[in-house]
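Student: Residue strings, one per chain:
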Amino acid sequence: MFIEFFQALAEYTFMQYALLTGILAGIACGIVGTYVVARRITYIAGGIAHAVLGGMGIAFYFSVVNNWQALHPLYGAVVAAVAAAVTIGLVSLRAREREDTVIGAIWAIGMAVGILFIAQTPGYNENLMSYLFGNILMVSAADLWLIGALDIIVVFIALVFYNQLQAVCFDEEFARIRGVNVEFFYLLLLCLVALTVVLLVTVVGVVMVIALLTLPAAVAGLFSRTLRGNMIMAVIFSVAFTTFGLMISYTPNLPAGATIIILAGITYLLVMVGKGRLLSR
Amino acid sequence: MGIVMTDDKPVIVFENVSFSYGGPPVLEEVNLTIGSREFACIVGPNGGGKTTLIKLILGLIKPDTGTVRLFGSKPAGVRSRVGYMPQHVHLDPKFPVSVMDVVLMGRLGNGRAFGPYRGEDKLAARKALREVGLFDKRNQPFAELSGGQQRRLFIARAIACEPELLILDEPTANLDPKVEQELYQVLNELNKRMAVVLVSHDMTFVSQFVERVICVKRGVHIHPTSEIRDGTLSEVFGTGVKMVRHDRHEHE
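The listed protein sequences derive, respectively, from chains E and P.
Position one of the first sequence corresponds to residue 9 (our numbering), numbered consecutively onward.
Position one of the second sequence corresponds to residue 36 (our numbering), numbered consecutively onward.
Hints listed in this document are in silico derivations from the structure and should not be mistaken for laboratory results.
Take these hints with a grain of salt, some might be off.
What the hints assert, rightly or not - Examples of chain E residues toward chain P, derived with CB under 7 Å:
#1 L230
#2 R233
#3 T234
Here the structure is a predicted model, which means the values were calculated and not measured.
We treat Cβ as the ideally placed atom computed from N, Cα and C, and that holds for glycine.
Put together the whole structure using the sequences plus the hints.
Tutor: So this is what it looks like as structure tokens:
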């Protein structure tokens with residue numbers, strides 16, 4: 009069944025890049041996704057993900073209009089994601105009662121800005137679709153270097169500050185008394201979420217990022233009851249979803265991003281039903 | 036009243052402390068001294084200033100007037116010598132974390148900016164778990180503990196930093212009386228080597244253990260537990276408060 013996939017993998021660099029992108033994004037996704045699910049900040053991650061479209065649209069527009077080849081849309085994505093993360097973070101730290109409104113606004117305004125700039129960019133382009141729904145098969149060598157660098161930054165920070173992040177996620181008030189800079193680590197966590205979202209946008213696009221960020225961690229959470237164990241399993245599931253999603257989608261020529269998400273969703277449902285059955289017996 | 040109960044240096048001293056959050060005063064002209072082996076209980080109505088008093092002790096807020104001294108110094112600099120158990124109503128009961136990991140959080144901030152816990156941290160955490168009787172549960176998930184076990188875990192986390200003062204905010208809220216009693220026995224044992232200050236809304240059990248009751252309602256009124264009679268607290272709380280019956284020599 010997967011013979012064609014492996015033939016393509018041996019033959020074409022774009023398939024190798026796609027596979028590697030899925031694996032790299034999956035590692036960051038498992039680790040940061042576990043923090044997101046444990047701290048219950050899925051909605052914040054959603055806001056950041058959609059703000060990314062604004063950054064990508066602006067970068068894409070100026071790279072075409074001014075012919076700035078160096079201005080890769082992913083740079084725009086990084087800037088927009090981090091800006092959205094810091095804004096939401098500061099609002100939630102300083103004025104909790106307005107948090108959801110601000111997230112909703114950033115969510116929609118990010119999308120609107122992206123759509124405007126992409127619409128105004130001269131020439132026919134199908135970029136909007138690939139930003140929205142991902143196009144892992146279009147990843148270039150340059151993209152891959154950027155993805156690799158982001159991946160290393162995210163994984164390094166998430167693991168070096170593991171104890172602090174865990175304490176801040178579990179009990180902010182206690183962590184503050186112990187001298188942990190709670191505000192700093194909360195913002196740092198949101199910035200990690202932002203960078204991870206950018207990584208995942210290349211795989212599944214803006215719209216489906218939330219599913220890929222949370223489903224592997226949610227599946228892992230059904231098996232493991234510690235944060236560490238949860239992360240290890242979430243990384244395994246993330247990498248498995250992107251890899252198998254890519255394999256399944258290749259021969260029937262399905263959109264890879266959507267296939268990955270459906271695979272993750274079905275796995276989550278099956279595991280939940282399976283666990284429920286075992287418990288009720 | 037401000038009685039110093041012990042000969043050695045007091046851990047907490049308030050001198051003419053007043054505080055407001057910008058509006059009417061929450062605390063007014065508070066004078067308070069707590070000794071290094073004291074077991075004191077802070078009681079008072081909701082919004083009476085109990086939590087504000089604790090925040091002042093920990094140096095999280097600064098008094099408008101007057102001075103607060105913790106171990107004879109400004110609170111913010113010596114806060115790490117205090118073991119603290121916050122109210123845990125805001126915690127996620129399903130958070131994926133092991134018992135040992137929770138206790139280790141009590142070791143954060145001892146001059147460490149990042150990186151893994153050291154051997155001495157793990158030793159201190161194990162010792163704290165033994166003291167509250169949870170050592171056998173150390174590898175279990177937090178979510179599987181009972182209510183009483185969770186409180187004991189939070190006490191273990193608070194004492195993992197080997198504090199000289201232990202502050203607990205409503206440690207027995209929503210516990211059944213038997214579990215509550217067990218918890219106070221743990222605290223009584225700890226009181227042999229550190230001062231214990233706790234906030235409570237319910238004094239039925241506390242009064243067997245504590246030496247003084249600090250009533251907070253804008254001002255602070257201090258009563259040795261032997262003095263407490265029906266009526267003393269109603270002056271502070273106003274009406275509609277669960278009354279304290281304190282029969283000192285009649286333990287059940």
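Student: A separate judgement is required for each hint: does it hold in the structure or not?
Tutor: These are the hints, each one checked on the structure:
Taking 7 Å as the C-beta contact cut-off toward chain P, the hint placing E/L230 at the interface is violated, the least distance being around 10 Å. At a threshold of 7 Å, the smallest CB-CB gap from E/R233 to chain P is about 3 Å, leaving the interface hint in force. Taken as an interface hint, E/T234 checks out: its beta carbon lies about 5 Å from the nearest beta carbon of chain P, inside 7 Å.
Checked against the numbered hints above, the structure violates only hint 1.
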